[in-house]
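Each chain is listed here by its residues.
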Amino acid sequence: MAREPYRFNTPAGRVFDVLNIVLLSALGVVALLPFVFVTAGSFATEAELASRSFFLWPNTVSLEAYASILTSPTFLRALLTTIAVTAVGTVVQLLLTASMAYPLSKVGLPGRKTLVSLVVITMVFSGGMIPTFLVVKDLGLLDTYWALILPMAINPFSLIIIKNFFQQLPAELEESAKIDGANELQTLWNVILPLSKPVLATFALFYAVGIWNDFMSPLLYLNDNSMWTLQMFLRQVTAATDLSMLESDPSSLPPAQGVKFAVIVVATVPILLFYPFLQKHFAKGMLIGSVKG
Amino acid sequence: MAHVARWRWLYLLLLPGVVYFALFRYGPMYGAVIAFKDYLPFLGVTGSPWVGTAHFEAFFASPDFPRLLGNTLILALLSLLIAFPLTVLVALLLNELRLNLLKRTVQTLIYIPHFLSWTVVASLTYLLFALEIGPLFQALNGLLGTDIDFLSDPAWFRPIIVLQDIWKNTGWGTIIFLAALASVDQEQYEAAILDGAGRFQRVWHITLPSIMPTVVVMLVLQMGQVLNTGFEQIYLMTNALNRQVADVFDTYVYFMGITQGSYSYSTAVGLFKAVVGVVLIFGANWVARRFKQTGIF
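Those protein sequences? They're chains A and B, same order as listed.
Numbering-wise, the first sequence is residues 1 to 293 according to the UniProt record's numbering.
Numbering-wise, the second sequence is residues 1 to 297 according to the UniProt record's numbering.
Read the hints as simulated data drawn from the structure, not as lab findings.
Treat each hint with caution, since some may be false.
[Said to hold, decoys possible] Straight-line distance between alpha carbons at most 35 angstroms, and here's what the computed DSBU-like set of lysine-lysine pairs gives:
id: 1; chain 1: A; residue 1: 197; chain 2: A; residue 2: 178
id: 2; chain 1: A; residue 1: 178; chain 2: A; residue 2: 106
id: 3; chain 1: B; residue 1: 103; chain 2: A; residue 2: 113
id: 4; chain 1: B; residue 1: 103; chain 2: A; residue 2: 178
id: 5; chain 1: A; residue 1: 113; chain 2: A; residue 2: 137
id: 6; chain 1: A; residue 1: 113; chain 2: A; residue 2: 197
Fair warning: this is a prediction, and the values are worked out from it, not measured in the lab.
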């Protein structure tokens with residue numbers, strides 16, 4: 001008993017345990033239920049969606065909603081755009097972050113402390129939405145996909161965590177590379193990056209999720225409807241009641257009920273596919289996230 | 001300059017990142033001076049004429065100001081009073097769960113919504129509360145004996161925002177508290193059991209005091225975020241019928257700046273919000289210290 005104090009229980013404690021199990025299981029179900037409903041709805045017929053309000057399995061399995069969106073040029077373009085921007089953006093953001101984190105991990109580098117402080121300041125202060133918009137505009141990035149990638153290219157929190165990770169790698173590795181005549185660029189590429197694969201993969205996933213889910217950047221920076229991303233398309237299809245978004249409607253789709261369900265599923269499935277990898281690392285990432293100089 | 005030659009490769013690596021921070025992080029901070037100017041696109045940030053605090057005065061004098069402040073503070077207060085304690089409570093309940101498999105399963109499930117986009121969450125809400133056919137529309141109206149359109153009724157805007165917030169972020173928020181709970185010294189529990197303390201007494205006298213520093217730090221962090229209502233969430237749930245209660249600083253800056261082109265005025269609103277935010281976070285930290293808890297600075 002002494003080794004496992006939790007085993008000691010009272011009658012009231014046992015009642016609590018049962019209630020606790022029921023309550024927390026319910027929470028787990030609630031977290032999942034909306035998505036099960038939407039998935040079931042995406043495979044249902046229009047008639048069933050009009051007659052049944054809630055179900056976890058359709059009476060008749062139908063692929064008509066998916067057939068409808070997968071033959072829509074507007075949807076396909078939004079999907080491919082989002083995949084491409086996410087792929088390119090993740091690589092660009094990760095490269096920029098890692099290449100800045102490496103020099104900042106070198107304790108002897110003159111000016112390092114100042115730069116780290118300047119990075120930390122941006123965690124608390126920011127110029128705000130409109131000044132950032134004007135920078136993007138002045139750089140000629142409006143209505144380009146770079147506007148979805150560059151303004152958020154380096155997350156200061158990720159930068160500091162990666163820097164701290166580089167800092168705790170054994171210095172001998174780099175010294176032996178130096179003896180072999182490698183400069184710092186070669187050392188980073190051939191020695192440090194291969195060692196850091198798991199850490200970099202984690203941050204790559206976070207960057208990818210950020211770009212994939214981003215709604216504000218396309219809303220701010222893309223006026224051209226033909227450049228829409230998946231999130232913009234989803235917004236257009238599901239919130240047909242919002243008048244401000246209906247100003248220009250290039251969508252050739254009938255905003256039928258099933259289509260709404262199917263688009264939500266398509267926008268969510270990639271996240272769920274990567275979720276196991278994310279979950280493996282994020283707790284660690286959050287906990288080593290302490291900001292050190 | 002000898003050291004520049006020695007470190008040249010590292011400075012070269014640093015260059016893209018430094019350019020990024022200069023352009024996209026410090027550029028907008030400098031650009032925020034247009035809050036004190038009349039920004040004209042062809043004159044640019046530097047060339048536009050100074051107007052002093054005119055935009056701030058106009059904003060504080062407008063009827064929008066008390067309305068935005070009220071809407072923003074009410075949402076922040078609801079989050080602080082409902083979502084925050086709920087997160088701590090769920091973490092405590094998870095900590096008391098003895099079935100490890102169930103515990104891990106529940107954790108896996110309740111973290112998921114955090115990774116979904118606000119667009120997906122808003123779309124789910126639209127489907128669940130859809131007029132006549134939405135499952136929650138039917139269930140809630142059946143329960144209340146009413147016929148409310150929850151999505152456009154201004155009285156239901158805030159409850160729905162809080163509900164979304166809880167669904168999306170409660171699970172994720174427990175991580176930090178669970179980490180704090182995991183580091184509580186187990187010997188204290190053994191000693192308490194020998195003293196005859198029951199489950200609830202142990203939670204009250206050992207567990208809660210042990211995680212109080214973490215709770216205070218998270219509370220301080222949240223105080224600094226009081227005016228940050230989350231642009232995407234509010235924007236996506238705003239419609240013509242609920243604007244009166246839905247408008248907050250973030251969405252107002254968007255509508256005034258991007259939609260209407262009042263760049264300087266909206267920058268002034270954004271700057272006001274940012275300054276109050278910084279004052280709040282330092283103020284809350286000071287209060288936390290006075291309570292002899294660990295602050296974050």
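Hints and how they fare:
1. 197(A) - 178(A): Holds, at roughly 21 angstroms.
2. 178(A) - 106(A): holds (14 angstroms)
3. 103(B) - 113(A): Violated. Residue 103(B) to residue 113(A) sits at ~43 angstroms, over the 35 angstroms cutoff.
4. 103(B) - 178(A): violated (49 angstroms)
5. 113(A) - 137(A): Holds, at about 32 angstroms.
6. 113(A) - 197(A): The hint holds at about 26 angstroms.
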